[in-house]
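Following the hints, put chain B in place on chain A, whose structure we already have.
Below, each chain spelled out in residue letters.
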Amino acid sequence: MSDDIYREIILDHYRNPRNKGKLPQADVSTHDSNPLCGDEIDIHLKVEQGKIKDIKFEGRGCAISQASASMLTEMVLDKPLTAVKDLAKDDILENIGLMNLGPARIKCALLSLKVLKMGMINYYIDKDPDSAKKIQDESKLY
Amino acid sequence: MLQESALDVFKIREDFPILKRKINGNKTLVYLDNAATTQKPISVINAIVDYYTNYNSNVHRAVHQMAEEATLAFEMTRQKVAKFINASSTDEIIFTRNATEAINLVSYSWGRSNINKNDKIVITEIEHHSNIVPWQILAQEKGAVVKYIRVNNDGYLDMTAYEEFIQSNKVKLVSISHMSNVLGTIVPIEKIINKAHSKGIPVLVDGAQSVPHMPIDVQRMNCDFMVFSAHKMLGPTGVGILYVKREILDKMKPFIGGGDMIKEVRKHDIRYNDLPYRFEGGTPNIADVIGFGSAIDYLNKIGMDKVREHEIDITSYAIKSIMDVRGVTVYGPSNPKHRGGVLSFNISDIHPHDLATIMNDHGVAIRSGHHCAQILMERLDVSATSRTSFYIYNTKEEVDIFIDALNQARRLFKI
Numbered sequence: 001m002s003d004d005i006y007r008e009i010i011l012d013h014y015r016n017p018r019n020k021g022k023l024p025q026a027d028v029s030t031h032d033s034n035p036l037c038g039d040e041i042d043i044h045l046k047v048e049q050g051k052i053k054d055i056k057f058e059g060r061g062c063a064i065s066q067a068s069a070s071m072l073t074e075m076v077l078d079k080p081l082t083a084v085k086d087l088a089k090d091d092i093l094e095n096i097g098l099m100n101l102g103p104a105r106i107k108c109a110l111l112s113l114k115v116l117k118m119g120m121i122n123y124y125i126d127k128d129p130d131s132a133k134k135i136q137d138e139s140k141l142y
Numbered sequence: 001m002l003q004e005s006a007l008d009v010f011k012i013r014e015d016f017p018i019l020k021r022k023i024n025g026n027k028t029l030v031y032l033d034n035a036a037t038t039q040k041p042i043s044v045i046n047a048i049v050d051y052y053t054n055y056n057s058n059v060h061r062a063v064h065q066m067a068e069e070a071t072l073a074f075e076m077t078r079q080k081v082a083k084f085i086n087a088s089s090t091d092e093i094i095f096t097r098n099a100t101e102a103i104n105l106v107s108y109s110w111g112r113s114n115i116n117k118n119d120k121i122v123i124t125e126i127e128h129h130s131n132i133v134p135w136q137i138l139a140q141e142k143g144a145v146v147k148y149i150r151v152n153n154d155g156y157l158d159m160t161a162y163e164e165f166i167q168s169n170k171v172k173l174v175s176i177s178h179m180s181n182v183l184g185t186i187v188p189i190e191k192i193i194n195k196a197h198s199k200g201i202p203v204l205v206d207g208a209q210s211v212p213h214m215p216i217d218v219q220r221m222n223c224d225f226m227v228f229s230a231h232k233m234l235g236p237t238g239v240g241i242l243y244v245k246r247e248i249l250d251k252m253k254p255f256i257g258g259g260d261m262i263k264e265v266r267k268h269d270i271r272y273n274d275l276p277y278r279f280e281g282g283t284p285n286i287a288d289v290i291g292f293g294s295a296i297d298y299l300n301k302i303g304m305d306k307v308r309e310h311e312i313d314i315t316s317y318a319i320k321s322i323m324d325v326r327g328v329t330v331y332g333p334s335n336p337k338h339r340g341g342v343l344s345f346n347i348s349d350i351h352p353h354d355l356a357t358i359m360n361d362h363g364v365a366i367r368s369g370h371h372c373a374q375i376l377m378e379r380l381d382v383s384a385t386s387r388t389s390f391y392i393y394n395t396k397e398e399v400d401i402f403i404d405a406l407n408q409a410r411r412l413f414k415i
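So the protein sequences, as listed, match chains A and B.
Those letters in the first sequence? Residues 1 to 142, per the numbering used here, in order.
Those letters in the second sequence? Residues 1 to 415, per the numbering used here, in order.
Only chain A is shown next, with the shape it has when bound in the complex (with noise of 0.2 angstroms):
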C-alpha cells in the first residue's frame, strides 16, 4: 500500500536527488523512456581503468522512478562497470526497499536499470568490441 511506497528515504531521494545532472566528460550517455507513463531517465558514466568513476542522471517522472535512479547512482559509484550485469530486478527493488510493487510500477523502478545497462554495453561496443558480445550475453535481465 502506498504508506509503505511513500516513505521518507523515497520522497527524500525524489526531492533531493543525488548525483543528478550533467556529465560533460562521459564516456558514454544513454537515454530510455517509459511509454506507460512517460518516465525519462539518462544515465552518463565516466569509466576509469573498468571502474564507474563518476555517474550522473537526467530525468523525469514519478517518485519510484526517479529516487530509484538516485539510488541506482549512489549504489554502482566507484564499483566495477562489469557489475553491473549482474544487477537484476531483486537488486532494485532491495535497494530501494519496494519488494512489492505491483507490475505496472515495477518498470518505474526497473527503468533506470535498464538504461544503466544498455550504457554499459554501449561503452563496450565502443571501446573494446571484442568483449562486448559476451558482456551483453552475460547481462542479467532485468
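None of these hints come from the bench; they were simulated from the model.
Computed from a predicted structure; not experimentally measured.
Heads up, a few of these hints could be off.
Computed cross-link-like contacts, EDC-like style, restricted to lysine to aspartate or glutamate with a CA-CA straight-line distance of at most 20 angstroms [stated by the list, open to error]:
hint, chain 1, residue 1, chain 2, residue 2
1, B, K27, A, D4
2, A, K20, B, D349
3, B, K414, A, D3
Same frame as chain A, but now just chain B:
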C-alpha cells in the same frame, strides 16, 4: 448531495455488475477512467453471451437459419448506429476494430488518393495520437505537411490561426477531435466545418470522446468523416465506427482486401462489393458488434441529452470540489458547458503515477500519464497529468471519495 438531477444514477448502477466489485480487498470500486473505456451493462454482456450460446455463425454468406439470425442482428446494429448519429443511410456506416483503425482507413484509402506533395493536413494540438500518427505517416510518404492549430492556455483552440491556415489552397483535409480526451474542451465543430467547407476542404471529426456523451447529428454537423469507438460508450472493445458521406465513400478505394469485401474474384480482375461491405474485408467482430447494438439501446433509453446534462452536473461538482484542494492545477476550460466530463489536473510535485497508486488504495481508478497526447503535454509543459472522467453511473459521492483520496495523497507527500 444524494440528489442526482438528470439521471436515476442509483438505478443505472444496478445494471453494471462490475461496480459491485472490491478493490484492495474491501474498497468499493470508484471507476473514474471512463474516457479510456466505460463499463458494460448486463444487457450488453448478455447480448454477447446470447450470440455465442444460441446463434454463433458467420455473417453475410451461409443460408442456414443461424447465419440469417447472426446477419440480421449484426446489420441491426448498423441501423442503430446510423440512427444514433443520424446518418442518411446505413451504407455510410463502416465497422472497424476501433476509432484508430477508422482514421487509418481514411488515411490509407482517401488520403493516398487525395493528398499530394506539399499539401497540408490541418489538425490541432489537442489531438490523440490516433489522429496525429496516421497523418504523419501519410505526410512522410507523400511529402505533405501536418499543421497544428494551437490551443491557448484556457484550453480553447486558436480559431484565428485556424482561419489563417485554411486560406492556403494547399490544405486538403481538416482532421479534428470534437472533444479533447485530456482537457475536455468541446471545440466549435460546426463553425470549423463551415469554414473548411467554404474553402472546399473536407473535415474528419474524431468523435471518440463526444459521441458517447452528447447527442450527435452528422447531417446537421455536416462532417465528411466521423470516427468513434463502441467501448467508450458501454459497448465491447474491438468495434470502431467510421461514418463517411456517401458521395465521398463512393469514390474511395478499398483499404483491407479479402473476403466479404468482394463481389467477384477472377484471376486478374476483381469486382468489389457494394457499400459499406467494400470496406469490411474479412470476418467482422460479429459478437461485439451485436453487443454494441445493446449498448446503443441502453443509451437511447436514457437519452443522450440526459447523459450530457448529468455529466455537466457532476463535472461542475468535481471542478468546484477539487479547486478547494491545496496545490491543485486544473487544465482546460473552466466553464463546464464548454467541456465534457473529463477533468485533468496535477497536484504540487506529486507525479500522476504516484497519485494513481495512492488513489488505487482507496479503490479509485483514475488515469495518469500523457493520455496518448504528447503534443498537448508539451504545449501544457507537463510530462503527465492525472485525469478523472465521468459517465452515467458516477455519483457525487464518488467525487467525494476521490477528493478524500486526493487529500490523503497530499498528506502522504507532506504538501
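Quick rundown of the hints versus the structure:
As the CA atoms of B:K27 and A:D4 are separated by approximately 18 angstroms, the hinted pair is consistent with the 20 angstroms bound. Using a Cα cut-off of 20 angstroms, the hinted pair A:K20 and B:D349 holds, with the two alpha carbons roughly 17 angstroms apart. For the hint linking B:K414 to A:D3, the alpha-carbon distance of about 12 angstroms falls within 20 angstroms, and the restraint holds.
Consistency note: the structure conflicts with none of the earlier hints.
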